[in-house]
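Chains as they are written, first to last, in our numbering: chain W, 1 to 155; chain B, 1 to 155.
Treat the hints with care, since some could be wrong.
Where chains are identical, the list cannot tell them apart; a pair therefore holds if satisfied intra-copy or between any two copies.
[Unchecked claim] Derived DSS-like pairs (lysine-lysine); straight-line CA-CA distance at most 27 angstroms: (1) LYS34 to LYS128; (2) LYS152 to LYS67; (3) LYS34 to LYS152; (4) LYS67 to LYS128.
Derived from the structure by calculation, the hints contain no laboratory data.
Here is what each chain is made of, one letter per residue.
Protein chains: 2
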Amino acid sequence: MHNHFMARAIALSIENVRSGRGGPFAALIVEDGKVVAEAVNCVTASNDPTAHAEVTAIRAACGAAGKFDLAGSVMYASCEPCPMCLGAIYWARLDRVYFANTAADAANAGFDDALIYRELARPFADRKIPLIPLMRDEALEAFRAWEAQRDKIGY
Amino acid sequence: MHNHFMARAIALSIENVRSGRGGPFAALIVEDGKVVAEAVNCVTASNDPTAHAEVTAIRAACGAAGKFDLAGSVMYASCEPCPMCLGAIYWARLDRVYFANTAADAANAGFDDALIYRELARPFADRKIPLIPLMRDEALEAFRAWEAQRDKIGY
Chain W
1 MHNHFMARAI ALSIENVRSG RGGPFAALIV EDGKVVAEAV NCVTASNDPT
51 AHAEVTAIRA ACGAAGKFDL AGSVMYASCE PCPMCLGAIY WARLDRVYFA
101 NTAADAANAG FDDALIYREL ARPFADRKIP LIPLMRDEAL EAFRAWEAQR
151 DKIGY
Chain B
1 MHNHFMARAI ALSIENVRSG RGGPFAALIV EDGKVVAEAV NCVTASNDPT
51 AHAEVTAIRA ACGAAGKFDL AGSVMYASCE PCPMCLGAIY WARLDRVYFA
101 NTAADAANAG FDDALIYREL ARPFADRKIP LIPLMRDEAL EAFRAWEAQR
151 DKIGY
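The shape of chain W in the complex, shown without the other chains (with noise of 0.2 angstroms):
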């Protein structure tokens, strides 16, 4: 069963560079063993660099199922996913992801997964993307305003 649906997800990867649309990366997510999105990576064919193959699965498979929240479903992905990715299958609540390639594998394809993951441990100032602060005093407003708001849906 595991090895089927990756088995797919390796296809799609595959296909996805012989065609010429993309990056060798696709993913699918899975619930009570039934794919409910499919997706590959379309960064260069829709100018969006967040469309890694499973940012846009899960987006996919909420937008299917009318909710923000997966849980209960499972992903496979043709790689490790990326920090970028990682997150977004946090937010989404996903029960647990296969993967085949890793990001050293991606690494060594010229990909930044690697490089974006050693980033993340650095202090901000050193890092090759600075994150400088500014104005938390103000900003703390919008959590006091969330804190206040009545009939807020949580996510």
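Dock chain B against chain W, hints included.
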């Protein structure tokens, strides 16, 4: 200048809560002193767990510019980006990010940002969402196909 753009991001984040639309987060992307995209969190409004303000702003800026790379632009985010958004920022190749609230502030308000940062540092098998390796040998074919592909668009 920096305070002007951040004040706008903060105002949008507060308005997003008070209007009942979504979470207390907003982000702007600025190129050459001009706002090219602004966005708020619309996870619950759009049933999309990836629809954080930063991701949505990047998608909008890239869509408007017709490119998948925002080198030369900067982001003003009302809160420190979560790992998903930080990953998106790297893939979009923004120059730098100004942020106001911290990940700890977001955690205090009930959001999972800090938890996800901690999870990224744990071994795969010990995470709340386990990452399980499967069929790497078969999947490596996708990277061989990528290497062999002519006229591919790198990203």
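Hints, one by one, checked against the model:
{"no.": "1", "hint": "LYS34 to LYS128", "result": "between (41 angstroms within a copy, 23 angstroms between copies)"}
{"no.": "2", "hint": "LYS152 to LYS67", "result": "within (16 angstroms within a copy, 36 angstroms between copies)"}
{"no.": "3", "hint": "LYS34 to LYS152", "result": "neither (32 angstroms within a copy, 33 angstroms between copies)"}
{"no.": "4", "hint": "LYS67 to LYS128", "result": "between (36 angstroms within a copy, 21 angstroms between copies)"}
The structure is inconsistent with hint 3 alone, although it conforms to all the rest.
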